[in-house]
Amino acid sequence: MRDIRLLTEVFIPGTLIGPFSGANPGLGGICTFIGEVRAEDGVEALELTQYEPITLPGMHELADRAFARFDLMGLLMVHRVGQMLPGEPIVCVSAAASHRRDAIEAVDFCMDHLKGRAWFWKREKRAGEWRWIEPRDEDYTDLARWKD
Amino acid sequence: MTIRILFLGPLADLAGQLECEVEGPLDWDGLLAFAGPAVAEQLQLERVNVACAGKVLADKTALSAVDGDEIALLPPVSGG
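These protein sequence lines map, in sequence, to chains A and B.
Taking our numbering, the leading residue of the first sequence gets -2, the next gets one more, and so forth.
Taking our numbering, the leading residue of the second sequence gets 1198, the next gets one more, and so forth.
Since the hints were derived computationally from the structure, they do not count as laboratory data.
A quick note: this is a predicted structure, and the numbers were derived from the prediction, not measured.
Mixed in with the good hints, there may be bad ones.
Stated by the list, open to error - To give a feel for the contact side, a few chain A residues facing chain B, derived at Cβ under 10 angstroms: (1) ARG35; (2) GLY113; (3) TRP116; (4) LYS122; (5) ARG123; (6) ALA124; (7) GLY125; (8) ARG142.
What the hints assert, rightly or not - Straight-line Cα separation of at most 20 angstroms, SDA-like style, residue types lysine to any residue; simulated pairs: (9) A:LYS119 - A:GLU135; (10) A:LYS122 - A:GLY32; (11) B:LYS1257 - A:GLY55; (12) B:LYS1252 - A:GLY32; (13) B:LYS1252 - A:GLU58; (14) B:LYS1257 - B:GLY1227; (15) B:LYS1252 - A:GLY55; (16) B:LYS1252 - A:GLU135; (17) A:LYS119 - A:PRO54; (18) B:LYS1252 - A:ARG62.
By construction, the Cβ of each residue, glycine as well, lies at the ideal position given by its N, Cα and C atoms.
Using the sequences and the accompanying hints, generate a full structural model.
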């Protein structure tokens, strides 16, 4: 079962995981990562911009690579765009597999690629001012872990 | 018909606009000249990509846009 989506409204990850589990009968394990807007340092809001012709297709290509690399039964990859408030979920990646290591590593793989390579641009609002977030060096070193 | 140019993320702030239109055809040198020095400097960085007609160009300097195409200027990503 494969479910790759961009959402423009706030979502509740828990409501996705039950149906995802049910859609992969016979699975041995599920690993789920949920990323949220950190409530820190006076961040008032976060905004993620996409470019429609490439952002969702890029997530599908990433899912293809995850299925090719790991022994998966199912993959859920849901990402928010638009404005978000601290505490709101940004991303939910869940992998179902016969064995735990494929599920865990597939989620790690997808998250590193979503952070470092997916077509999103992020800015945050502090004290009423919007500021673009530059990619961090860690995002690139995280990606390098998966080089074949 | 014209070529539509979109400035994504921080490039929109640098360009002072989200999008604009230009008469085609447009190649890499034409894009650099049209974009202005501040955006052109960014475009020449390795981590800045260019999409044309919905595809990210493997070699942005081979840009060959015609009227009706949409060009998107893609700064380094910061998602997740």
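Hints, verified against the model:
| no. | hint | in the structure |
| --- | --- | --- |
| 1 | ARG35 | violated (12 angstroms) |
| 2 | GLY113 | holds (7 angstroms) |
| 3 | TRP116 | holds (6 angstroms) |
| 4 | LYS122 | violated (14 angstroms) |
| 5 | ARG123 | violated (16 angstroms) |
| 6 | ALA124 | violated (18 angstroms) |
| 7 | GLY125 | violated (16 angstroms) |
| 8 | ARG142 | violated (15 angstroms) |
| 9 | A:LYS119 - A:GLU135 | holds (16 angstroms) |
| 10 | A:LYS122 - A:GLY32 | holds (18 angstroms) |
| 11 | B:LYS1257 - A:GLY55 | holds (18 angstroms) |
| 12 | B:LYS1252 - A:GLY32 | violated (28 angstroms) |
| 13 | B:LYS1252 - A:GLU58 | holds (13 angstroms) |
| 14 | B:LYS1257 - B:GLY1227 | holds (12 angstroms) |
| 15 | B:LYS1252 - A:GLY55 | holds (10 angstroms) |
| 16 | B:LYS1252 - A:GLU135 | violated (27 angstroms) |
| 17 | A:LYS119 - A:PRO54 | holds (19 angstroms) |
| 18 | B:LYS1252 - A:ARG62 | holds (19 angstroms) |
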